[in-house]
Amino acid sequence: MYAQMVKSENTDNGPELDAFQVRIDAGEKIEPKDWMPAGYRKTLIRQISQHAHSEIVGQLPEGNWITRAPTLERKAILLAKVQDEAGHGLYLYCAAETLGVSRDELTEMLLDGRMKYSSIFNYPTLTWADIGAIGWLVDGAAIMNQVPLQRTSYGPYARAMVRICKEESFHQRQGYDIMMKMAQGSDAQKRMAQDALNRYWYPSLMMFGPSDKESVHSAQSMKWRIKINSNDELRQKFVDQTVPQAEYLGLTVPDDNLRLNPETGHYEFSEPDWSEFFEVLNGNGPCNKERLEARNKAWDDGQWVRDGMMAHARKKAARAAASQVAAE
Amino acid sequence: MGDHLFEFLLRQGDNTLILSHRISEWCGHAPIIEEDIALANIALDLLGQTQMWLGLAAEVEGAGRSADDLAMLRDAWDFRNSILVERPNGDFGQTMMRQFLFDAYHVELLNRLVSSADERIAAIAAKSLKEVEYHVERSASIVIALGDGSEESHARMQAALDDQWTFAGELFETDAGDHALNDAGIAPLPSELRAGFNARATAVLGDATLIIPETTFAHSGGRSGKRHSEHLGHLLTQMQWLQRAYPGATW
Ligand SMILES: [Fe+2]
Ligand SMILES: [Fe+2]
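Chains as they are written, first to last, in the working numbering: chain A, -18 to 309; chain B, 460 to 710.
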């Protein structure tokens, strides 16, 4: 997902922890000033920032097509979408900041590789159909994960998710609409649409992360309600929802083993290549270098702007203070 | 009159289209997330204005072309934007200086167009003016902050001003078509907008502790279409690529 393989930490025990767990089990929201186990705090910081970083890095693959969007309307829709993603990043950094870290610290950890972002944004957008596929599949997969997180135990995170989910479902519909136009279009457009599905199908399945049935981290996160469903559950839900949509478009999901099991009502499907997933996480995805370089460049090039703004704010405050003194 | 009106509408729509395109290049690359979002907002506003201006241009032309056709299927010599807006972004300071110079002109123009004798133009201007009043407030405050800010930001903003100033003059260039529209009460003479522009520029750039270059020279060739800069062709190569590569496809 946007937060993949987040390690959870359980460091506390004692009566406070028990009382905390009682609150979680009762469905209460934990707020920034409430007592919380250090492990809960640490895990949440990791998860929320990874999610925030994903929104910010996620601007890049789609931003890649803003200047080449085929019509004025498509350009406006895409620009607004990428802007929404920046907004999501912003809410999420704010949510993370309530846990006692600063956005600048988190940004630096992203930029020097200490913190991760979702594997999906390390794949290239090669044709306009990729913009459709990302909206349809990537935002679609994000929704699967984020809708349940609206009920997560940490208040600021849950509230950020509510705002974000509304916009993500727009994005998904707009993405599907792009695919629809192309699937009904010329032969070249159909080919583009199929090619985009071929390239984005397995990376989208990877977004949910490897099976975590046996994972102690996941068990702890679920106990704390900062993870609601298992990775496999969400992946299954995603496949079940997406395959009929692909069929409706007249596109073929690139999986020879895909079939509907009439007994379970669920699709059976091939696992993605997990060795590729781990390579991407380790920095060997097709675009890892470009993505991090672009973010680093934006940050470094912007340094003088941020410094200049700060200097102006200090001067302004000093002038205001001086005129106050003069007036007194 | 029809030709003059068409030309006028292209000038409006091409300015907003090309500037919107340039600003949108920042998406994902701005110095802070808040600026990224704000720049996207401005690009979106200008794109919306483009759809209105070029939509009306297409209607006035009556040749069966759409706003999209005008944006995506004309070559550089048929574009009527001022050279200022096609100039590459440069650093953030250059982008914001270009923005301020354009906004300061744009707000003067729209303030006059809201009372155009052509109701369609007045309506577009009224809608745009609300947005552009905010644009100019924002670009002015950034120019002031960075001009007044650190030693480095001040030097960069002065360089940006020196670099762009000679491209602002074209916005006020006035030709026979402008006179015809002015006579019909449709649009002001661009030259009449200069005083308001100068007043604002002097105030803002003064607060920014920047010095306006003394030259009265102005580059031109964009709004007449006679001689754009080399940059426009590259911009169009990107913007129009899909429509050119797959003619007749719907997206
Ligand atoms: Fe998002
Ligand atoms: Fe999204």
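Hints are not guaranteed to be accurate.
Unchecked claim - When the alpha-carbon atoms are kept at most 30 Å apart in a straight line, the in silico DSSO-like pairs for lysine-lysine are as follows:
1) A:K147 to B:K685
2) A:K23 to A:K270
3) A:K297 to B:K586
4) A:K204 to A:K218
5) A:K270 to A:K297
6) A:K171 to A:K97
7) A:K147 to B:K589
8) A:K278 to A:K218
9) A:K23 to A:K97
Claimed, not checked - Sample of chain B residues facing chain A (criterion: CB under 7 Å; computed from the structure):
10) D528
11) A585
12) S600
13) A604
14) D607
15) T625
16) G628
17) I645
18) L648
19) F656
20) A658
21) T668
22) I671
23) T674
24) A677
The hints are simulated quantities; they were obtained by calculation from the structure and are not laboratory data. Each residue gets a CB set at the ideal place from its N, CA and C atoms; glycine is no exception.
To see whether the hints hold, each was checked on the structure:
1. Under the criterion of a C-alpha separation no larger than 30 Å, the hint pairing K147 (chain A) with K685 (chain B) is inconsistent with the structure, at around 48 Å.
2. Only pairs whose Cα atoms come within 30 Å are accepted, and K23 (chain A) paired with K270 (chain A) is accepted, the gap being roughly 27 Å.
3. Simply put, K297 (chain A) and K586 (chain B) have alpha-carbon atoms about 34 Å apart, too far for the 30 Å limit, and the pair is violated.
4. Using a Cα cut-off of 30 Å, the hinted pair K204 (chain A) and K218 (chain A) holds, with the two alpha carbons roughly 22 Å apart.
5. For a cut-off of 30 Å, the pair hint linking K270 (chain A) to K297 (chain A) is broken: about 40 Å separates their Cα positions.
6. Annotation: proposed proximity of K171 (chain A) to K97 (chain A) is violated, straight-line Cα distance about 34 Å (limit 30 Å).
7. The hinted pair formed by K147 (chain A) and K589 (chain B) meets the criterion: a straight-line CA distance of about 27 Å does not exceed 30 Å.
8. Of the pairs offered as hints, the one joining K278 (chain A) and K218 (chain A) is violated, with about 38 Å between alpha carbons and a cut-off of 30 Å exceeded.
9. At roughly 15 Å between alpha-carbon atoms, K23 (chain A) and K97 (chain A) fall within 30 Å of each other, so this suggested pair holds.
10. Contact between D528 (chain B) and chain A, as hinted, is not supported at the beta carbon level, the nearest pair being about 10 Å apart and thus beyond 7 Å.
11. Using the Cβ-Cβ criterion of 7 Å, the hint placing A585 (chain B) at the interface with chain A is not satisfied: the shortest such distance is roughly 20 Å.
12. Annotation: interface hint on S600 (chain B) violated; nearest CB of chain A at approximately 10 Å, more than 7 Å.
13. Taking 7 Å as the C-beta cut-off, the interface hint given for A604 (chain B) holds, the closest approach to chain A being about 4 Å.
14. This hint holds: D607 (chain B) has a C-beta 5 Å from the nearest C-beta of chain A, less than the 7 Å allowed.
15. Using the Cβ-Cβ criterion of 7 Å, the hint placing T625 (chain B) at the interface with chain A is not satisfied: the shortest such distance is roughly 24 Å.
16. Annotation: interface hint on G628 (chain B) violated; nearest CB of chain A at approximately 27 Å, more than 7 Å.
17. A least Cβ separation of about 24 Å between I645 (chain B) and chain A goes past the 7 Å threshold, and the interface hint is therefore violated.
18. Here the hint on L648 (chain B) is broken, as its CB sits about 30 Å from the closest CB of chain A, past 7 Å.
19. Taken as an interface hint, F656 (chain B) does not check out: its beta carbon lies about 24 Å from the nearest beta carbon of chain A, beyond 7 Å.
20. A distance limit of 7 Å between C-beta atoms decides the matter here; for A658 (chain B) the minimum to chain A is near 23 Å, and the interface restraint is violated.
21. Of the supplied interface hints, the one on T668 (chain B) is violated, with its beta-carbon coming no nearer than about 10 Å to a beta-carbon of chain A, more than 7 Å.
22. Proximity of I671 (chain B) to chain A is violated relative to the hint, the smallest CB-CB distance being about 20 Å (cut-off 7 Å).
23. Because the beta carbon of T674 (chain B) sits about 26 Å from the nearest beta carbon in chain A, more than 7 Å, this interface hint is broken.
24. Among the interface hints, the one on A677 (chain B) is violated; its C-beta lies about 28 Å from the nearest C-beta in chain A, farther than the 7 Å criterion.
Checked against the numbered hints given earlier, the structure breaks hints 1, 3, 5, 6, 8, 10, 11, 12, 15, 16, 17, 18, 19, 20, 21, 22, 23, 24 and satisfies all the rest.
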